[in-house]
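Undergrad: Sequences listed follow chains B and C, in order. Per our numbering, the very first residue in the first sequence carries number 1; after that it's consecutive. Per our numbering, the very first residue in the second sequence carries number 526; after that it's consecutive.
Wrong hints could be hidden among the right ones.
[Unchecked claim] Here are the in silico distance ranges between beta carbons for each label pair:
no. : chain 1 : residue 1 : chain 2 : residue 2 : range
1   : C       : V808      : B       : K103      : 33 to 43 Å
2   : B       : S264      : C       : R762      : 22 to 32 Å
3   : B       : L206      : C       : P599      : 45 to 55 Å
4   : B       : D401      : C       : P599      : 21 to 31 Å
5   : C       : T549      : B       : P292      : 48 to 58 Å
6   : C       : A567      : B       : E350      : 38 to 48 Å
7   : B       : K417      : C       : V808      : 26 to 36 Å
8   : C       : I559      : B       : E350      : 50 to 60 Å
9   : C       : T549      : B       : Q276      : 48 to 58 Å
10  : C       : L566      : B       : S264      : 42 to 52 Å
11  : C       : P599      : B       : R505      : 51 to 61 Å
12  : B       : K341      : C       : V808      : 40 to 50 Å
13  : B       : D230      : C       : L636      : 31 to 41 Å
[Unchecked claim] Simulated crosslink set (BS3-like; lysine-lysine; CA at most 25 Å straight-line):
no. : chain 1 : residue 1 : chain 2 : residue 2
14  : B       : K202      : C       : K621
15  : B       : K238      : C       : K621
16  : B       : K179      : B       : K133
17  : B       : K394      : B       : K379
18  : C       : K586      : B       : K447
19  : B       : K147      : B       : K133
20  : B       : K411      : C       : K586
Simulated from the structure, these hints should not be mistaken for laboratory data. Here the structure is a predicted model, which is why all the values come from computation and not from measurement. Even for Gly, the Cβ is constructed at its ideal location relative to N, Cα and C.
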Amino acid sequence: MFRSPFARASCAALLALAAVTASAQDTSKVLRMVPQTDLKILDPIWTTAFVTRDHGYMVYDTLFGVNVGGQPQPQMVDKYTASADAKVWNFTLRKGLVFHDGKPVTAADVVASLNRWGQRDSLGQRMLAAMDKMEAVGDDAFRMTFKQPFGLVLEALSKPSGSPAFIMPKRVADTPADKQIDDYTGSGPYVFKKDEFRPGEKVVYLKHKGYVPRSDSPSGTAGGKHVYVDRVEWIILKDAQTQSNAITSGEVDLLSWMPPEHYSTLRTNPKLETVQPTFAGSYYLHLNHHIPPFDNPKIAKAAVLAVNQEALLRGQMVFRDLYRTCATIYPCNSPLATQPKWYTGKPKFEEARQLLKEAGYDGTPIVLMHPADFTLLNKLPPVMAQLLQQAGFKVELQSMDWPTLLMRRAKKDPVDKGGWNAFMTGWGGSDTLNPMFFAPLTGNGEKGWFGWNKDDRLEALKGAFTASTDAAERKRLAAEIQERALETGLFAPLGETNNLTVIRRGVVSGVLLAPVNVFWNIKKN
Amino acid sequence: MARFYPFPAAVPMPLFLIRRILATLPVLAIVALIVFLMLRLAPGDPAAAILGDNASSEAMKNVRTQLGLEQSIPVQFFQWSARLLSGDLGESYFLKQSVAGLIAQRIEPTLSLAALTLVVTVLIAVPLGVVAAWRHGGWLDRALMGFSVLGFSIPAFVIGYVLIWAVSLKLGWLPVQGYARLEEGLGPWLRHLVLPAITLSIIYVALIARVTRAAVAEALTEDYVRTARSKGISEARVLVRHALVNAAVPIVTVIGIGIALLIGGVVVTETVFAIPGLGQLTVDAVLSRDYPLIQAITLFFSFIYVLINLLVDLSYLLLDPRIRY
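Please model the entire structure based on the sequences and the hints provided.
TA: In structure tokens:
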């Protein structure tokens, strides 16, 4: 029938093509999902990258979690007590906690893990600095003794983002804090399959069959972490259209972060469903207080007064479902959130111009860095530049890629030597829950976060917050910290965004609301 | 006349090969130096990208020290060159895996896509070009050349998205994205590569068909073709065994350039179809300033280009007995 070699070869190729896996593989227990970005670094203590944190929650467990109300709850801990002066804390671990290699989790593992974490994380550093000693007092119990009252122990141990205090085997946690681990054994609900890890392509996790979830209902990063699938595959898809195509065709089951530009298509697809899995994130305008003109608090406050949250968020997010204005520096509706006294997120150009006049602003252009390649941020700076100009500033918008911005952000030089005056970035809701979590909320000058704000009063307020054990007092202090930050123009909150997750309707269910993306409790039909 | 003369060439083949291989060394050295300097002088900080937004400037400084980035550029270059000469391409700043291993992981998807694209391209473009040349000036020639202009005018991602929409989403025949390794079976491997290969081949068909047409059209005007026809040889045989063979040199040259581009420059198609190839690896490395990876990949591509050039030059010896080195 086919005489020519070409025809025979074509026929063979077509037959091979047709001989695809027709059935054979049962896919019902494999959850295929697209994470927010490519997972490159696997050590969640070493880096603060969000995707590595999400990986950490798959593989590790924490002593405390945070429920949907933002309150710390015991997770690996069974019982705990604190002395009346908050100087001595005793903890007992739950029974039955095992690592992925089958070895039990002991207090020695916990102490080593906290020591390593405390060397990297800012709140952990404060905690270790305030601590006299931390010791295992049995196989399943450990004690912290502080030199002075430290009221944020539970907040530190339950901290959901930045670097959560993940617990690792002692042999792994003994890795020096300035080096990355290379053993990914944890005690969390999933096991990381290192042999199937292909960076830029796929990350694979298996259900940890030895995991014993708490009996309480899951809530945030706390409660029972039940796993209903056998295998989770993180499929790395960088292109937004490809993500949209993949979930539409059913090749993936879940998009962790819905690409906003595809919202109108995805939400109207009857086979798909959008859910809100995390506390709302937020955008901020950050100023450089190390060099003129924002070393003058009046000029910095004038920049804060120029903010128009509605205009900024509309420009960036487009759809009203995906954002809301929120004047507080903490997530709206979170336990510490209060309405600021004068900041509303609406522009007050007259007041800003008056401040500039009083401060003697000489018209030197403000360099506002614009990360042109970062689609989650790149529409904000042009709008902000316009608002600052309306407030009386001269603005120079400088476009660059995100890695260049990160490099330049670290420079303390004047603008004409490569420095900067302002940039904008986003934070997860879990990063701004608490003034001690939020890295930019700092007043220790050159040792602090980029912008190097020097404000002893702010640091004193944070110190008082750390020492306090009274919820009402903490809320009052949080409000005072907020007023201080806004009055001195430390930064300006630009409102909240909803990072939605897309799932296949009727196939995937159980996505939890939490401070960060978590992937237990998910069922696949 | 299309006859093949065996070796020896003007220069003995082993000597020719040795000369060409030795000639690649200064090329690679210059490429290494240029890439190294450009990376160090360009803005961007791998430490910032590694540690994330919550990191302090002190932590970043520590990482830069660990990575050796606080040393002077000549010292960094010397250290890297010394490791390179011992065969060590280094370790990725981000992935903490050997660069050689990462490249090896990505080679299969890239070579698979390149090979399939090449097969599809040659099988379509060369016959198209020959037919267009045979019917030079006629409606078939004009139609084919019009389609070829369209082929290399439309961006690859547009072609890709249209094919995905039609074939994957609407008809459900082929997957939207991803790559299945050969070890998972020939069927899945082919299924995942068909659409990306067609996407890429449209552009290369356009290019190679035009070159084939021009070269064959010129060959058809030669005396030996008139002689062959007057001897009563069939038109098909005249076209293939006489005209095409003698027009092969420029066609093979363009195919060689195409192979080099396929191996290193198809990042858009890899992104659209989520194929984890070398193009994506390169872009990721550049965006995150993963210096060891960028340097190694650039050297690797340079070596590939040089190798392909050598193979193309060697093919000339087979195709045209008049060529001697």
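Undergrad: Are the hints correct? Go through all of them and say.
TA: Results of checking the hints against the structure:
1. C:V808 <-> B:K103: 33 to 43 Å: holds (41 Å)
2. B:S264 <-> C:R762: 22 to 32 Å: Violated, since S264 of chain B and R762 of chain C (Cβ atoms, about 59 Å apart) do not stay within the stated range.
3. B:L206 <-> C:P599: 45 to 55 Å: For P599 of chain C against L206 of chain B, whose Cβ atoms are near 48 Å apart, the range 45 to 55 Å holds.
4. B:D401 <-> C:P599: 21 to 31 Å: Holds - the Cβ-Cβ distance for D401 of chain B and P599 of chain C, about 27 Å, lies within 21 to 31 Å.
5. C:T549 <-> B:P292: 48 to 58 Å: holds (54 Å)
6. C:A567 <-> B:E350: 38 to 48 Å: holds (44 Å)
7. B:K417 <-> C:V808: 26 to 36 Å: holds (31 Å)
8. C:I559 <-> B:E350: 50 to 60 Å: Given range 50 to 60 Å: holds, Cβ gap about 55 Å.
9. C:T549 <-> B:Q276: 48 to 58 Å: holds (57 Å)
10. C:L566 <-> B:S264: 42 to 52 Å: Hint holds: Cβ distance 43 Å, inside 42 to 52 Å.
11. C:P599 <-> B:R505: 51 to 61 Å: At 60 Å between Cβs, range holds.
12. B:K341 <-> C:V808: 40 to 50 Å: holds (48 Å)
13. B:D230 <-> C:L636: 31 to 41 Å: holds (33 Å)
14. B:K202 <-> C:K621: This hinted pair holds, its Cα atoms lying about 16 Å apart.
15. B:K238 <-> C:K621: Since the Cα atoms of K238 of chain B and K621 of chain C sit roughly 21 Å apart, the hinted pair holds (cutoff 25 Å).
16. B:K179 <-> B:K133: holds (24 Å)
17. B:K394 <-> B:K379: holds (19 Å)
18. C:K586 <-> B:K447: holds (12 Å)
19. B:K147 <-> B:K133: Judged against 25 Å, a Cα distance of about 9 Å means the pair holds.
20. B:K411 <-> C:K586: Measuring from Cα to Cα gives roughly 12 Å; hence the hint holds.
Of the numbered hints listed earlier, the single one contradicted by the structure is hint 2.
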